[in-house]
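Assemble chain B onto chain A, guided by the hints.
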Amino acid sequence: MTCDLTLRDVRSVARIVNLAHRFNCRITHVQAAVGELETSARFAFEGPPVALTRLRAQIDRIIAYESVA
Amino acid sequence: MTGAQAVVAALEREGVDTIFGYPGGAIMPLYDALFEHPVRHVLVRHEAAAAFAASGYARTSGRVGVCCATSGPGATNLVTGLLDAMMDSVPVVAITGQVRCELMGTDGFQEADVCAITQPVTKRNMLVARANDIAETIAAAFALARDGRPGPVLVDIPNDVLKAALTDVTEPRVQAPFARGGAGPRVSDAAVRDAVARIRCARRPVAIVGGGVRAGSVDLYRMFTAMLGLPHAATINALGAAAPGDPSYLGMLGMHGLKAANKAVQRADLILALGMRFDDRVTGKPDRFAREATVIHADIDATEFNKIISADVALHGDLRDTLRALIDELARGHVPRFDDWAAETRLLGGALPSDRVDGGVLSATDVLDRVFAALPGDAIVTTDVGQHQMWAAQRARPANPRKYATSAGLGAMGFGFPAAIGAQFAHPSVPVFAVVGDGGFQMCLPELATLRRYDVPVKIVLIDNQNLGMVRQWQELFFSQRYSATNLADNPDFVAIARAYGIEAFALESPDGADDVIARFVASHGPALLHCACHPTENVWPMIPAGMTVDDLMEARA
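Sequence lines, in order, name chains A and B. For the first sequence, numbering that gives the first Met the number 0 assigns the number 0 to the initial residue and increments by one for each residue that follows. For the second sequence, numbering that gives the first Met the number 0 assigns the number 0 to the initial residue and increments by one for each residue that follows.
Isolated chain A (complex conformation) (with noise of 0.2 Å):
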């Protein structure tokens, strides 16, 4: 599962990470390039499809979040 995402926060991209080895995913892909404002990021991880699909429900989670000032 691939994912592009534009993050209001940086500190959300530790939380991806995270989030993707407490779900026991694998991570073989992390970039991520600062803006002022957003940080785009790409992430890449293989895991079980259950596992994925719940480690994107969360990273949308986190995104809706963070659209907070």
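Worth flagging that the hints you see were computed from the coordinates, not collected in a lab. Predicted model only: the values in this text are computed from it and were never measured. Glycine is no exception: its CB is placed at the ideal position from the N, C-alpha and C atoms. Some clues are possibly wrong.
Some chain B residues near chain A, calculated using beta-carbon distances under 10 Å [stated by the list, open to error]:
#	residue
1	115
2	118
3	122
4	123
5	150
6	304
7	396
Below, chain B alone, put in the same frame as chain A:
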């Protein structure tokens, strides 16, 4: 205006009237700003109690609960309470002091990377680096805690930022979608039509309501179930959602839920899961849960869909809007009635099984039956975690879900008593009862001092079975009766302890005259403890062992 004064002003703007906390070095400027300020600070005796009290305040009022602590150990002591609020979707804002900016990262005295530590246990946390940012950050924290799926947010403020003078005093601007009144997810019309079509085709539907109903949906939930004559069950976080006396209400479901509720769910051909998340204590083994049922799942958090149980229809939105949409769509056509099926489900249950012993020994279930019968109708009940929590949940009939607070998802011992303190501050004129066990009560005994200091009239019902009873029960049933570290036969004299703190205490040691003692306890003025010396080996029945189904339900020792 200093940063600390800006914090207090921001709290006032949010309508905060009470903060639960404990002072320390890094947060001293905030305590100075609170000194003789109308925003009331309640001094607890351990920061964990501050977080639980804020949760009790929020759970029973619907308002955001606020707690504060100093840096390092003060902040880390909040962590369990924050996770509890995260698991049960409780809006809490925690404000923590942090060491001065120049010391951060130096292993300074009482330094902890609180933002890193609390990232998994909060919706979000913020470190404030400039005093000018305080107002906007706190406004955002409250908006995020309250809106969407509620939860905890932490704001960490370095000591020098609290002391600094603001150079820009402007009204905060919080950006959509979480700004107050901002739009959340709107349930899809097509999904509502699909759900209603499936309801009309169902023969054995059952609704399961969860904690999502607490956020202002109780009236519509009652209207919806009554409209259909729908049998329905509640998770522990939704006790009180059913209308009093509703014959279609089957009670709590799950591991220690009522037999009728669990059996009806297992026989259902349609499950309406409303604001609940299919916790493992509810489903048991997921692939054997309600195998014949189509599932309609309504939740404000899309993360919950297909997490444990696959949804055939996902209704993503605020539960209130979803219920309104379902009711309106039903009303446009045929409204089915499920009275016959509801009557059938009522026959699936029977009396609650129990281990009560005769011969003058006090039984915990007997005590709780008597206590709940004696409670005023408007009482708020909090519970701690363990056997008493399950016995209480099986028996309690709160008037609405805000009348009942328990640490459901996290199961955090030490929650019940401080949560009752928080509830009492939110509702000064309502009787508040904390039902606790001897294990959990000893995790927060010093809060008796909080009761005394503020003369908080919380009534504590202490079910003392001289054991960590739930663990003991599992050791008896599943660990060959090897009772490792669960015996508390050397418990202290709780009545003497309460009295040492200046709290009135009642001792209940036998069924004889129990009702009279309970009546005097309930009618007492001010804080009070009812110590119930109960039989040590009474178990909670029924029980569906972990990872099993209702087919494996146990009603007594083998």
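Against the structure, the hints:
Annotation: residue 115 of chain B was flagged as interfacial toward chain A, and the flag holds, the nearest CB pair being 8 Å apart, inside 10 Å. Using the Cβ-Cβ criterion of 10 Å, the hint placing residue 118 of chain B at the interface with chain A is satisfied: the shortest such distance is roughly 5 Å. Proximity of residue 122 of chain B to chain A holds as hinted, the smallest CB-CB distance being about 5 Å (cut-off 10 Å). Interface restraint check for residue 123 of chain B: the shortest CB-CB distance to chain A comes to about 5 Å, inside 10 Å, so the restraint holds.
The interface hint given for residue 150 of chain B is met, as the beta carbon of that residue sits about 9 Å from the closest beta carbon of chain A, less than 10 Å. With a cut of 10 Å, the hint placing residue 304 of chain B at the interface with chain A holds, because the nearest CB-to-CB distance is about 8 Å. Nearest Cβ of chain A to the Cβ of residue 396 of chain B: about 35 Å, over the 10 Å cut. The hint is violated.
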